[in-house]
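Protein chains: 2
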Amino acid sequence: MKIKYELLHREKNSMGRYGSLQTNHGTFETPMFMPVGTRATVKMLTPEELYDCHAGIILANTYHCWLRPGENLIAKAGGLHHFMNYRGPILTDSGGFQVFSLAKPKDISEEGVKFKSHIDGSNLFLTPEKSIEIQNKLDSDIAMSFDECPPYPVTHEYMKKSVERTLRWAKRGKAVHQNENQSLFGIVQGGEFEDLRKWSAEETVKLGFDGYSIGGTSVGEDKETMMKMIDYATKYLPEDKVRYLMGVGEPMDIIEGVIRGVDIFDCVLPTRIARHGNAFTRDGKINLKNLKFREDFTPLEQDCDCYTCKYYTKAYIRHLITCDETLGGRLLSIHNIRFLIRLTEELRKAIQEDRLLEYRDQFKQRYEAKEKKH
Amino acid sequence: MKIKYELLHREKNSMGRYGSLQTNHGTFETPMFMPVGTRATVKMLTPEELYDCHAGIILANTYHCWLRPGENLIAKAGGLHHFMNYRGPILTDSGGFQVFSLAKPKDISEEGVKFKSHIDGSNLFLTPEKSIEIQNKLDSDIAMSFDECPPYPVTHEYMKKSVERTLRWAKRGKAVHQNENQSLFGIVQGGEFEDLRKWSAEETVKLGFDGYSIGGTSVGEDKETMMKMIDYATKYLPEDKVRYLMGVGEPMDIIEGVIRGVDIFDCVLPTRIARHGNAFTRDGKINLKNLKFREDFTPLEQDCDCYTCKYYTKAYIRHLITCDETLGGRLLSIHNIRFLIRLTEELRKAIQEDRLLEYRDQFKQRYEAKEKKH
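Chains as they are written, first to last, in the working numbering: chain C, 875 to 1248; chain E, 875 to 1248.
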């Protein structure tokens, strides 16, 4: 079965959407934040901890799983769900972003991308067909089309050629996509150029996918430009398909993305900053290494319902982080993931009650006021 | 309330004892293996994971907690239980072993030990009184007397003087021990010398403690000598008090210790080897990095009831370990701790059924046969 998106409420004062997405591994509501399980594991956490965070769906990286342990091994295990013991929905990316960012040097042609493994330097070749073939074997619920990820900024001419190639690649990938239980998303590129985003969106929609991603953001552009990129893309996407903004996890960016009609977000941010001792709070990010938390016997957030806030104090987490005890990063990862998912829960409610912009203003005032103070 | 040990069954063919120990944080049966929470955390694990392993009691290191975050901070948090969110019994060691092994250079006098912190090189001074004072503040259920830990081997003359000092230190520590809700153990030293072990045991018992530890093993002696050391100590310890063999966690050593009348064991072994990719099995230790596990989609042990064996395959754990994903060490730590606790559960049953030596022979045959093969 393919995924089914249902639009349940359209917010009156913005493009914000409240909906639900049905998959073969369960249904979840949107907007939703998706934790990243790079190598078939969300760093430090078990599936149960992710269910407890109310994660609707997680992401696994095709590039990393391809290199280690290999898609054939995962297929032998019965696919990603069986391999990593995750019973909820899983989305795989195309590997494109990693190939363009991690693997160097690379040689991009119409056929695909030749590059060297970031692990052992061996020669690898990823094509639109190969990406889909790997994702078919990984057996995720949702696969991504292989796209070209151009740097930022580039000229309009460069970006136009890149969008053309991404469209040809999307077509090639779709042609070989076989898995009837796996949905396939197209990716809208086009950088900061409205005409190219519009064209990319319209042409990708014409090819016909089960959902649409917005790519090419968080690549060095300023926030204003990022928001324009999202505006230019969602405007031209169909209402009846789910929309996924790739690689975005800053709380304010999630809120602004939702206002612009995005349904799903993913980012390594909550787990990465956790490993460095940072926690999201309504009053901005805090670093637990800070001496002021030494004797702070209160939870990270008083009103948070996560496991970490239920049982642990800032003083204890600070102790763990200071001593390089991995439980520290684990407790912070749980809190940070739950923080972003709770944020999307509140956004859903705000959409249903048509007060999304008001919610944004209130959240922003508190989050950024203290953020400056820290 | 002080701990209460109840001897429930004495095995017919050995010194093996089945009993129960009542503490202010719950009652557990003995023999029992005690996981080590060096810095107020059993590496990588939450309290819930330890409860699921059926851990009866855990150990926290006084030396490490004294240095970071400090006993006063932990006291302010309400003691170790509150600080680390552990609701079961906790035992603290005296700090002696760490001072004698980790901290160098050191200057041992009758008063105590002057040494340099292994973290920042600052000058520290640990005395029998100071150790008890710290443990009082940590508020563990069971505290240890501060003892001298001589190297191995030493002469009879050297060991005699050391035992004399340990006895004087035990007396001094007992004199300042104030916490009515904390039990205090004496430690039997004496190396491999039967007369000194006997004398140390008898004199320590005369001082009157709530339980007795056997120290000075696992310091470089061979297994046969270690077993003699245990024999020489337990022989002279009262039947109505619990006995704790410090720093021993190899499965065969636990079994041989139980045969010699030991009730409690602790060791960092299960968590340490886990972080290096090793798992205990009935057929000996295995290293998950081994290529032969690459496509092994079976659990670490078919009949193990731990979380890891319930949900994960060797192939997945191998993948995690190979990629340095901390979930790998975490899953192996859970299995290894549960393995040793299950071993003590089986030993309890074997004692009750008076077939302890038979159990030992069967376990040993299987464990060592494959151990040689690996």
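A couple of the hints might just be wrong.
Because identical chains share one entry, a pair is satisfied inside a single copy or across any pair of copies.
Dumping the calculated BS3-like pairs for lysine-lysine here, alpha-carbon to alpha-carbon at most 30 Å [said to hold, decoys possible]:
| id | residue 1 | residue 2 |
| --- | --- | --- |
| 1 | K1035 | K1163 |
| 2 | K1166 | K917 |
| 3 | K978 | K1159 |
| 4 | K1034 | K1159 |
| 5 | K1072 | K1109 |
| 6 | K1159 | K1080 |
| 7 | K1045 | K980 |
| 8 | K1048 | K1166 |
| 9 | K1238 | K1034 |
| 10 | K878 | K1035 |
| 11 | K980 | K1184 |
| 12 | K1223 | K980 |
| 13 | K950 | K1159 |
| 14 | K1045 | K1223 |
| 15 | K1166 | K950 |
| 16 | K876 | K978 |
| 17 | K980 | K1034 |
| 18 | K1159 | K988 |
| 19 | K1163 | K950 |
| 20 | K1115 | K1163 |
| 21 | K988 | K878 |
| 22 | K1238 | K1048 |
| 23 | K1166 | K1004 |
| 24 | K876 | K1159 |
| 25 | K1184 | K950 |
Because the hints were derived from the structure by calculation, they are not lab data.
Hint by hint, which ones does the structure fall short of?
-> 1, 3, 4, 6, 8, 9, 10, 11, 12, 14, 16, 18, 20, 21, 22 and 24
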